[in-house]
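Chains as they are written, first to last, in our numbering: chain X, 1 to 285; chain B, 1 to 285.
I should point out that these hints are in silico values taken from the structure, not numbers from a laboratory. Heads up, some of the hints might be wrong.
[As the list claims (entries may be wrong)] With a straight-line cut-off of 25 Å between C-alpha atoms, the simulated SDA-like cross-links for lysine to any residue are:
1. B:K117 x B:K189
2. B:K78 x X:R41
3. X:K263 x B:Q201
4. X:K263 x B:K83
5. B:K172 x B:E142
6. X:K184 x X:A121
7. X:K155 x B:F271
8. X:K202 x B:L67
9. X:K94 x X:K104
10. X:K195 x B:K179
11. B:K179 x X:E273
12. X:K94 x X:A58
13. B:K83 x B:S134
14. X:K172 x B:L67
15. B:K263 x X:K263
What follows is each chain in one-letter form.
Protein chains: 2
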Amino acid sequence: VFVFYLPEHFYNGEKNSGFDVLYHNMKHGQISTKELSDFIRERATIEEAYARSMTKLARSASNFSQLGTFAPVWDVFKTSTEKLAMCHLELVRKLQELIKEVQKYGEDQVKAHKKTKEEVAGTLEAVQNIQSISQALQKSKENYNAKSVDQERLKKEGATQREVDKAGVKAKKATESYKLYVEKYATAKTEFEQKMAETAQKFQDIEEAHVVHMKEMIQSYSQAIEETHIQIGEVQNEFVNNMENTTVESLIQKLAETKGTGKERPGPIEFEECNTAIATEGAKP
Amino acid sequence: VFVFYLPEHFYNGEKNSGFDVLYHNMKHGQISTKELSDFIRERATIEEAYARSMTKLARSASNFSQLGTFAPVWDVFKTSTEKLAMCHLELVRKLQELIKEVQKYGEDQVKAHKKTKEEVAGTLEAVQNIQSISQALQKSKENYNAKSVDQERLKKEGATQREVDKAGVKAKKATESYKLYVEKYATAKTEFEQKMAETAQKFQDIEEAHVVHMKEMIQSYSQAIEETHIQIGEVQNEFVNNMENTTVESLIQKLAETKGTGKERPGPIEFEECNTAIATEGAKP
């Protein structure tokens with residue numbers, strides 16, 4: 001069970017600004033969603049550029065000289081580099097899927113915030129109400145004090161009864177108005193506290209749900225990156241194994257087989273006596 | 001112990017070309033060395049570009065909105081992305097060290113090949129020698145046959161004794177020349193076989209040492225990549241842990257602490273009767 005921080009922390013303050021702070025805080029949630037999709041998009045762009053460069057590097061390796069004992073080793077580099085490019089492209093694909101999910105959430109969020117704005121309209125009214133009643137109460141209190149002082153002053157200065165009575169009527173009116181605002185304030189205060197408690201809790205629910213959803217999407221991001229990391233590790237292990245299997249002996253053997261010019265040494269040549277009978281025969285016109 | 005493939009496979013063939021093939025194969029070793037350093041350099045360039053992009057991405061994360069409940073999470077992204085950039089820069093540094101090593105090896109290789117060229121000069125001579133003696137032997141054999149036939153023909157046609165004797169002298173000279181070339185060939189053949197056996201073995205030693213050295217440098221390359229892979233895995237684990245530790249509750253709490261407007265509800269306001277004595281006092285000019 002969760003402590004309700006927000007209802008506890010957003011009461012007083014300049015002009016009861018807690019409501020404004022919470023409302024704008026909710027709206028900032030839309031910015032974080034946009035920023036998350038921006039972040040993932042930039043990461044995807046980086047991964048794609050890396051994959052493209054790796055594909056180019058693989059092509060370089062396959063264009064390297066086909067001559068010499070070492071040449072067959074470039075195949076190992078080429079294959080491994082191509083696979084590395086594939087791993088990063090697969091990550092790009094996953095991140096692009098995730099960006100769509102984040103954007104969809106962003107759209108839902110905008111709608112939900114619009115709905116919330118309507119739902120908390122009554123609270124905004126209650127906030128404005130207690131603000132204006134507070135001011136009016138202060139004014140009416142000042143007026144009441146002024147009128148009371150006026151009446152007392154006239155009495156002391158020995159003014160006419162008519163003047164004192166007239167001041168008395170004004171003081172009574174001011175007293176009634178002051179008392180009325182004290183009552184109004186009490187009602188507005190109850191209304192404000194009740195609405196603010198509800199609304200702060202609603203804002204807290206919204207923030208919680210937002211952060212939970214953001215963290216879920218970040219978990220998908222992490223998972224995609226971890227899967228890629230494992231795949232890259234496998235590609236690297238394969239590279240090491242293939243390199244080990246490409247032994248020095250096998251390379252020398254391959255050279256002998258593909259470039260060898262022959263196993264037989266030059267034959268012995270001996271003196272051959274001329275058989276003039278056959279030679280003459282062969283020389284006939 | 002290694003089978004000596006090369007001495008077995010590079011004898012006969014067009015004009016005893018085994019020597020040429022082996023010599024040029026050795027020279028191709030210089031190309032593979034150059035290509036290995038090219039490959040590693042291109043890889044380093046790719047890693048550096050990736051690291052630069054990651055640094056930029058980290059900067060993006062740190063420029064994201066500082067407002068809203070989610071804002072503190074960007075620190076986790078920023079730190080992790082910066083560390084990821086560092087891992088790749090560390091790889092770049094290792095690869096650049098390795099490139100220097102490959103280049104140094106390339107220079108040593110050029111010197112060694114120059115020395116080898118001098119060492120095998122005698123073999124090249126032996127190859128050219130057996131080639132030219134073979135041709136001369138063939139010519140002298142043809143001359144011997146022609147002269148023998150001439151002598152026989154003159155005898156049969158009943159030529160003068162003087163003519164027959166003259167042809168006899170020519171035939172004898174041709175026979176001696178032919179026999180001399182048969183002897184020369186036998187000597188050249190022995191020389192050729194012996195020198196070729198030595199040289200083919202030398203070329204095999206060179207190829208073996210070359211491939212062994214190349215594979216050692218590739219192992220350094222692999223190792224640098226594996227170390228980076230492990231570091232990246234650690235950065236990723238740290239990211240996941242930091243993300244887990246950034247709980248929804250802690251984020252809401254942080255919001256309450258940094259943006260909270262106050263815990264106290266608006267105070268109760270009661271009717272305060274005017275103390276005219278004090279009020280008048282206070283109102284005095």
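Results for each hint:
1. B:K117 x B:K189: holds, 22 Å
2. B:K78 x X:R41: Distance ~15 Å between K78 of chain B and R41 of chain X Cα, so the pair holds.
3. X:K263 x B:Q201: The given pair, whose Cα atoms are some 14 Å apart, holds under the 25 Å limit.
4. X:K263 x B:K83: violated, 59 Å
5. B:K172 x B:E142: Roughly 14 Å between the alpha carbons, so the hint for K172 of chain B and E142 of chain B holds.
6. X:K184 x X:A121: holds, 20 Å
7. X:K155 x B:F271: Roughly 24 Å between the alpha carbons, so the hint for K155 of chain X and F271 of chain B holds.
8. X:K202 x B:L67: holds, 19 Å
9. X:K94 x X:K104: holds, 16 Å
10. X:K195 x B:K179: Cα-Cα ~126 Å, so violated.
11. B:K179 x X:E273: Holds - the C-alpha atoms of E273 of chain X and K179 of chain B are around 10 Å apart, at most 25 Å.
12. X:K94 x X:A58: With a Cα-Cα distance of about 23 Å, the restraint between K94 of chain X and A58 of chain X holds, given a limit of 25 Å.
13. B:K83 x B:S134: Not satisfied, since the Cα-Cα distance of roughly 72 Å exceeds 25 Å.
14. X:K172 x B:L67: violated, 52 Å
15. B:K263 x X:K263: Cα-Cα ~97 Å, so violated.
Figure legend: structure checked against the earlier numbered hints; hints not met, in rising order: 4, 10, 13, 14, 15.
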